[in-house]
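Enquirer: Protein chains in written order, with the numbering used here: chain A, 1 to 620; chain B, 621 to 846; chain C, 847 to 999.
Among the clues, some could well be false.
Claimed, not checked - In silico lysine to any residue, SDA-like type, Cα no more than 25 Å apart, as pairs:
1. B:K824 with B:G676
2. C:K927 with B:F652
3. C:K972 with B:G676
4. B:K631 with C:K923
Stated by the list, open to error - According to the in silico footprint, chain B covers these stretches of chain A (three or more CB under 8 Å from chain B):
5. 226 to 239
6. 254 to 263
7. 271 to 284
8. 308 to 320
In case anyone wonders, no lab produced these hints; they're calculated from the structure. Built from N, CA and C at the ideal position, the CB exists for glycine as well.
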Amino acid sequence: MTRAGGVIADNRTIKDQSMSNEAVIHSPVEVAAHDEHGEHHHHHETFITKYVFSQDHKMIAKQFLITGMFWAVLGGLMSVLFRLQLGYPDASFPWLETILGKWAPGGHITPAAYYALVTTHGTVLVFFVLTAGLSGTFANFLIPLQVGARDMASPFLNMLSYWFFFTASIVMLSSIFVETGPFSGGWTAYPPLSALGDASPGSQTGMDLWLISMALFVVSSLLGGLNYIATILNMRTKGMSMTRLPLTIWALFFTAVLGVLSFPVLFSGFILLIFDRNFGTSFYLSDIFVNGVGALPNEGGSAILYQHLFWFLGHPEVYIILLPAMGMASEILSVNSRKPIFGYMAMIGSLFAIAILAFLVWAHHMFVTGLNPFLGSIFVLLTLLIAVPSAIKVFNWLTTLWRGNIRFTPGMMFAIGFVSLFISGGLTGIWLGNSALDIHLHDTYFVIAHFHIVMGVSSMFGMFAGIYHWFPKMYGRYLNNTVSYIHFWITIAGAYMIFWPMHYEGLAGMPRRYFDYSNWESFKNFVELNRFISTVAMIVFAAQILFLINFFYSIFKGRKVTSLNPWGANTLEWTTPLRPGHGNWPGEIPEVHRWPYDYGKDGTEFIPQTTPVGADESHH
Amino acid sequence: MSTTTTVTPTKLWSGGKSPFNVEYGKLMMWYFLMSDAFTFGAFLISYGTIRFSTNGWPNPNEVFRSFPFAPEGINAPLVFVSVMTFILIISSVTMVLAVHAGHNMDKKGVVRNLILTIIGGILFLSCQAWEWNHLHSEGAWWGHNPFLNHDGTASSTNFTNYFFTITGFHGFHVFSGVLINIIMLIMTLTDKFEKRGHYLMIEKAGLYWHFVDLVWVFVFTCFYLI
Amino acid sequence: MEHTHTEATEQHEGGGTKEIWKVTIILSVLTIIELALGFWMMGMGLESASRLAVKGTIVILMMAKAFYIVAYFMHLKHEIKNLIMTIVVPLALFVWFITAFLYDGNSFRHLRNTYDPHFKEQSTIKVEKKEHTETKEKEAPKEAGKEEKKTVE
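Hey, can you work out the whole structure from these sequences and the hints?
Expert: Right under this line is the structure:
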C-alpha cells in the first residue's frame with residue numbers, strides 16, 4: 001500500500017516525461033524536446049504527409065475504412081459470382097468469360113475458379129474487411145477521440161500498421177492474377193491442400209502469396225493492437241477512469257487484447273506451414289499417398305495440429321470481428337434511445353468473459369476431425385458457457401431500448417439490426433456447440449448460415465451502424481437519409497432471405513464447398529431455393545453499391561454538419577471542432593467528470609461527460 | 621455503480637496519467653513480449669504435441685554430445701549447451717547492469733556493459749552456428765534426421781525439423797537483439813540519451829534481451845534436457 | 847526535471863546491483879542443478895517413473911528460472927501490482943493451451959496405434975544401432991536402405 005502511494009507521488013513529478021498526454025496541453029514547446037512525435041502542432045503538411053503517409057489517427061482510420069471497403073466490394077462481388085454458379089449451375093453467362101477469361105470458358109465458372117472465389121471471399125472478408133476494415137477503422141478513429149488523447153500512443157507505429165495492411169492487400173490482390181490462380185483450399189488453409197504444392201493449381205504460387213500476405217497482416221494487426229492497448233491504458237484524459245470509458249472503447253480494448261495474444265499463434269502455425277511447403281519438413285504431413293506418385297516420404301506429422309493452431313487464432317478471431325460491433329451497437333443504442341445503457345458493468349464483465357472464453361473453446365471447430373471425444377466434451381461445456389455473457393449483452397441491449405425515446409436514425413436502425421442478427425445467429429450456435437449435433441451439421445449449409453448471420457452480417461451491420469453514426473465526425477457532412485433507409489431495409493431483409501433458408505438446406509444434409517449440387521438426387525428439391533438465394537444475394541450486393549455511392553457522394557456533396565453534437569451524445573469526440581485537425585482539440589483536452597451514459601437524468605436530455613457533477617445531482 | 625462517485629485525483633486509474641506509472645513505450649514492449657511469448661509458446665507446444673503423438677523420440681544426450689575442438693566421437697552430452705546457457709545468462713546480467721547504469725545516468729557504465737552484452741550475444745550466435753554446422757555435417761537438417769529413437773527404432777524427421785525451426789527462430793531473436801543493442805550503443809555514444817535526459821530506451825532493449833534469455837530457458841529444457 | 851526523474855525511478859528500482867548478483871547466483875545454481883539432474887537421468891530406464899519424476903523436477907526448476915528472470919532481470923517484481931497482473935493473468939491461458947494440445951496429441955498417438963498398422967509396425971522395428979557416432983554420416987545411406995528393407999519384409 002505504501003508503495004502505491006509513493007509511486008503516485010513520483011508520478012506527479014515525472015508527468016512531463018511523456019508519461020501522460022497532459023504534458024502536451026500545457027507546454028507544447030517544452031514537450032517537443034522529449035516527445036518524439038510531438039511535432040504535429042507546428043509542421044506544414046504536404047499532400048503526402050496529410051493523405052498518404054499520415055500519422056493522424058483520423059486519416060489512418062479513413063485509410064483503413066476505404067481499403068476495407070475496396071475489399072468488401074471485391075469479396076462481395078466474388079460471392080455474387082459463386083452464388084451465380086450455385087443458383088444457375090447449367091446456365092451460361094458469356095460476360096463471365098469476358099471478365100474471368102480462362103477461369104470461365106464458355107461462360108461457365110470452372111471448379112478451380114469456384115474454389116478460388118470461395119477461398120478468397122472468406123479470407124478477404126474475415127481478415128481484410130471485418131478485422132482491418134472494422135476494428136482498424138473504428139479503433140483508430142474512436143480510441144483517441146473518446147478517451148481524450150491527441151493521437152495514438154505511437155502515431156508512427158500506427159501508420160506502419162496501415163502500411164503493413166496495405167502491403168498485405170497488394171500481395172493478396174496480386175495472388176488473384178497469377179497464372180495458377182489464388183489459393184483455393186478454403187480460408188482455413190488446412191494441410192495437405194495448403195502444404196503440398198501439387199495438391200491443386202491454387203496450392204502453388206497462390207498459396208505462397210496467401211501466406212506472405214497473411215504474415216504481413218499479422219504484423220499489421222499486432223502493431224495496431226499494441227498501440228490500441230497502450231493508448232487506452234496510458235493516454236486517457238484527466239478524470240477518464242476505466243469505468244467512465246464508453247463501451248466502444250472497452251470492446252475495442254478486448255478486441256486488441258484478443259488480437260495480440262492469438263495472432264502470434266497463427267503466425268507460428270504459418271511458419272511451420274511454410275517449412276512444410278518449401279523445406280521438406282513434415283510438421284503437418286503424414287501417410288500421404290498421391291495417385292501416380294506413390295507414398296510421400298513425409299512421416300510423423302499431424303494435420304490436426306495445424307487445425308489446433310489455426311483455430312487457436314480462429315476462434316478469438318470471431319470475437320475480434322464481433323466485439324467492436326458490439327461496442328458500437330451499445331453506444332449507438334444508448335445514444336438514440338436517450339437512455340443510459342442498461343447494466344454498464346455487466347456489459348464490461350460480459351465482454352471480459354467473452355474475451356477469456358474465446359481462448360478456451362477453439363476445438364469446437366474440430367469435433368469431427370478425430371479429436372479426442374472426452375476433450376471434445378470439455379470443449380462443448382466451455383462453448384456453451386459463452387451463451388451466458390452473450391445473453392447478458394442481448395438482454396442489456398433490449399432493456400436499453402425498453403421504453404426508450406427511440407430515434408430511428410440510420411445508425412440506430414443498423415444497431416437494432418445488429419442485435420436482431422446476433423440473436424438469430426447466436427441461437428444456432430448453441431446447436432453447433434454440441435458435439436453430438438455437430439456430427440450431423442458439420443460442414444453443411446447450417447454452419448454457413450450460422451456464422452454468416454452471427455459474425456459476418458451482424459458485424460457488417462455493426463460496421464454500417466458505426467459509419468452512419470460517426471460519418472458526420474469523420475467528414476463533417478451527413479449521409480443522405482433516404483438512401484440510407486433504402487440501404488438498411490434491403491440489407492436486413494436480404495440478409496435474412498439469403499441465410500435463413502440455408503438452415504433448412506443444412507439440416508437436410510446439404511454439404512458446403514460443393515461446386516454443383518444438380519447431380520445429387522437428394523438435393524434436387526433445393527434448385528429453386530438456391531436460385532432464390534442467389535437472386536437475393538445479387539439484389540443485396542446492388543444495395544451495397546447504393547451505399548458506396550451515398551458514401552462517396554456525401555464526402556464531397558453531403559449536407560454540411562452545422563451542430564457540434566448532432567446526435568446529442570455525451571462522449572468526448574463531439575466536443576472537438578467540426579473538422580478536428582491533428583491533435584483533435586485546439587485548446588486543452590477537456591476533463592471528464594462523469595460516465596458517458598447520463599441520458600434523461602434528472603429531466604435533462606443528455607449531460608456530456610465534460611459537465612461537472614452538480615451538487616444536487618441524483619445518483620443512479 | 622461506482623461511476624458517479626467522485627474520484628479523487630490521486631487514484632491510479634482516474635485518467636490523465638499512466639495507471640502503471642510507465643511510459644507507453646515500455647508498456648508496448650511488455651505487451652509485444654507477451655505476444656511473442658505466444659509465438660514461442662505455440663512453437664514449443666506444437667513440438668510437445670508432435671512428441672506426444674509419436675511413439676519414439678531420439679535421446680538428446682546421444683545427439684548433442686560433441687564439443688568444438690574436441691576429438692571426434694567425444695561423448696560429452698550437455699556440456700556444450702551448458703556453456704551456451706551460461707553465456708546467455710551472463711549477457712543477461714551485463715544487460716541488467718547496463719540498464720542499472722542508465723538509471724544512474726552513468727554513460728560509461730552503460731557503454732561498458734552494453735559492449736559486454738553484445739559480445740555475449742555474438743558468442744552465443746557463434747556457438748549456435750557451430751552446433752548447427754556440426755549437426756548438418758552429421759546429416760541432420762530440415763527434413764533429414766540421421767538419429768534413431770531411444771529404443772533404436774527409426775525416428776521421424778520431426779526431431780530435427782523442430783530443433784532447427786525453434787532454435788533458428790530463437791537465434792533470429794538473439795540476432796535482432798544484438799542489432800538492437802548495437803543501435804543502443806551507438807545512440808549512447810552519440811549522447812542521444814544524455815540529451816534526452818533519460819536512458820529509458822536501454823530499459824526497453826533490456827526487456828527484449830531478457831526475453832531472449834527467458835525463451836532460451838524453455839528451449840534448453842525442452843530440447844536438451846527432457 | 848531530470849533530477850526528479852532519476853530519483854523517482856530510483857525509488858521503485860528495488861535492490862540494485864546487490865540484487866542483480868544474488869539473482870545471478872540463484873540462476874546459476876538452478877542451472878547447475880538442472881544439468882546434474884540431466885546427467886543423473888541418463889542412467890534411468892526409458893519410460894521409468896523415476897525418469898518422469900526427474901523430468902517433472904526439471905520443468906519446475908525451469909519455471910523457477912523463468913520467474914527469477916522475469917521478476918528481477920525484467921524488473922516486473924518492482925512494478926505496480928496492476929501491471930504485474932495484466933502480464934501474469936493472460937499467461938494463465940497457457941494452462942489450457944498446453945493441456946488441450948498435449949492431451950489431443952497423446953490421443954492422436956493412441957488412435958494411430960489402434961487404426962494405423964503401418965504406424966504401429968514402424969515403432970517396433972529396430973534399426974541396427976551404430977556404436978560410434980562419427981561413422982553415422984558415412985553409413986547413413988546404408989542405414990536408410992536397411993530400414994526400408996525391414997519395412998518391406
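Enquirer: Would the hint linking K927 (chain C) and F652 (chain B) be met if the CA-CA limit is 25 Å?
Expert: OK: K927 (chain C) and F652 (chain B) at ~19 Å, within 25 Å.
Enquirer: Cut-off 8 Å, C-beta pairs, minimum 3 residues; does the coverage of the stretch 271 to 284 of chain A by chain B stand?
Expert: Contact hint for the stretch 271 to 284 of chain A vs chain B: holds, 8 residues under 8 Å.
Enquirer: Can the stretch 254 to 263 of chain A be counted as covered by chain B under the rule of three residues or more with Cβ-Cβ separation shorter than 8 Å?
Expert: With 4 residues in contact (Cβ-Cβ under 8 Å with chain B), the coverage given for the stretch 254 to 263 of chain A holds.
Enquirer: Is K972 (chain C) within 25 Å of G676 (chain B), Cα to Cα?
Expert: holds (11 Å)
Enquirer: How does the stretch 226 to 239 of chain A fare against chain B when you require at least three residues with a CB closer than 8 Å, holds or violated?
Expert: holds (count 12)
Enquirer: Within a Cα-Cα threshold of 25 Å, do K631 (chain B) and K923 (chain C) meet the stated pairing?
Expert: holds (21 Å)
Enquirer: How about the stretch 308 to 320 of chain A: do at least three of its residues have a C-beta closer than 8 Å to a C-beta of chain B?
Expert: holds (count 3)
Enquirer: Could you grab the alpha-carbon distance between K824 (chain B) and G676 (chain B) and see if it respects the 25 Å cut-off?
Expert: violated (42 Å)
Comparing the model with each numbered hint stated earlier shows that hint 1 is the single one that does not hold.
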